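Residue numbers (our numbering), protein chains in the order written: chain X, 1 to 170; chain Z, 1 to 170.
Hints listed in this document are in silico derivations from the structure and should not be mistaken for laboratory results. Don't take each hint at face value.
Claimed, not checked - Derived Cβ-Cβ restraints for the label pairs, each shown as a range:
| no. | chain 1 | residue 1 | chain 2 | residue 2 | range |
| --- | --- | --- | --- | --- | --- |
| 1 | X | 91 | Z | 48 | 42 to 50 Å |
| 2 | Z | 136 | X | 17 | 43 to 51 Å |
| 3 | Z | 47 | X | 31 | 14 to 22 Å |
| 4 | Z | 98 | X | 89 | 21 to 29 Å |
| 5 | Z | 14 | X | 93 | 24 to 32 Å |
| 6 | X | 132 | Z | 89 | 20 to 28 Å |
| 7 | X | 19 | Z | 88 | 19 to 27 Å |
| 8 | Z | 15 | X | 89 | 15 to 23 Å |
| 9 | X | 19 | Z | 98 | 30 to 38 Å |
| 10 | X | 170 | Z | 81 | 17 to 25 Å |
| 11 | Z | 1 | X | 17 | 47 to 55 Å |
| 12 | X | 169 | Z | 152 | 47 to 55 Å |
| 13 | X | 170 | Z | 46 | 26 to 34 Å |
| 14 | X | 106 | Z | 14 | 16 to 24 Å |
These figures come from a predicted structure and were not determined experimentally. Just so you know, even glycine gets a beta-carbon here, dropped at the ideal spot from N, CA and C.
There are 2 protein chains.
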Amino acid sequence: MKLQDYIRTIPDFPKKGILFRDITTLLSEQKAFRKAIDDLAKLLKNKKIDYIVSAEARGFIFGGALAYKLNCGFVPVRKPGKLPYKTYCHSYALEYGKDSLEIHKDAFSKGAKILVLDDLLATGGTALALAKLVEKLGGSVEAIAFLIELKEIGGRKKMKEYSVYSLIKF
Amino acid sequence: MKLQDYIRTIPDFPKKGILFRDITTLLSEQKAFRKAIDDLAKLLKNKKIDYIVSAEARGFIFGGALAYKLNCGFVPVRKPGKLPYKTYCHSYALEYGKDSLEIHKDAFSKGAKILVLDDLLATGGTALALAKLVEKLGGSVEAIAFLIELKEIGGRKKMKEYSVYSLIKF
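Just chain X, with the same shape it has in the complex (with noise of 0.2 Å):
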């Protein structure tokens, strides 16, 4: 099985120019969910993980199913508005524009052992984002990994200080 084969490519979505991948042919394929949740466990068999951090929404579906695999805890970085407790924001560019995500202030303590997880690493704006808002909380980044790494965009050159891991490479 290649989950790379469940991936659907969707042209011009969201904007004209852009090949979408579409996860939800592999989400919805039980074989290749599992597959892809198992080979992200294999990838990180060596690293001790606390704690999953990942930000919505695509990515709390991986990071919800990782976290149960991996028998650790899960921690949802969210839009501005959206946690209800104190936190931090981080503001940052992204593919298509600018975002920004929050953090619980207190979602761990320091010194605990994260992943960040997203689903796409495209110009990595997200998962730096999200490695940021991890080290101001004072959490170790132990991996940043992905079900996709888009290689032309070469946003694992930005990520240099950490080690990054994807499953399947277009």
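Following the hints, put chain Z in place on chain X, whose structure we already have.
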């Protein structure tokens, strides 16, 4: 371990007079998150589920983890304009206003056995919208399950035609 103890209550969020039930304190506590997923799986052990259908964003965390645990597919339902392929849309009233949700038209085949899963049962608007979208695609709603049920709001009364489950009652 009482799962209820891991839910943080935040007064006046998102607006005055609302007691917001914050699940992030359960998610970040590995044993509580694991128990929540395992207990949901136990509640549903006599159901044959092909796909879990959940709405963004918080629903994705539990949907992804429980789909992994139950060995089934996961189908995300999103706000309008977020899903890249052809969709059906359903508009509905929710606790703090009005909203619309979309599902991919080809998310699953007719007759598929579906679990609708959400983190919180308040008015029931979101879960009923999910059930309607499932039925529009010809799916069979085998059960509707929630992590938390706010009993006083009485959302359960609106879904008498379904099998409804919840883990934590407030």
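Item to complete: Tell me, in ascending order, the numbers of any earlier hints that this structure violates.
Response: 2, 6 and 13
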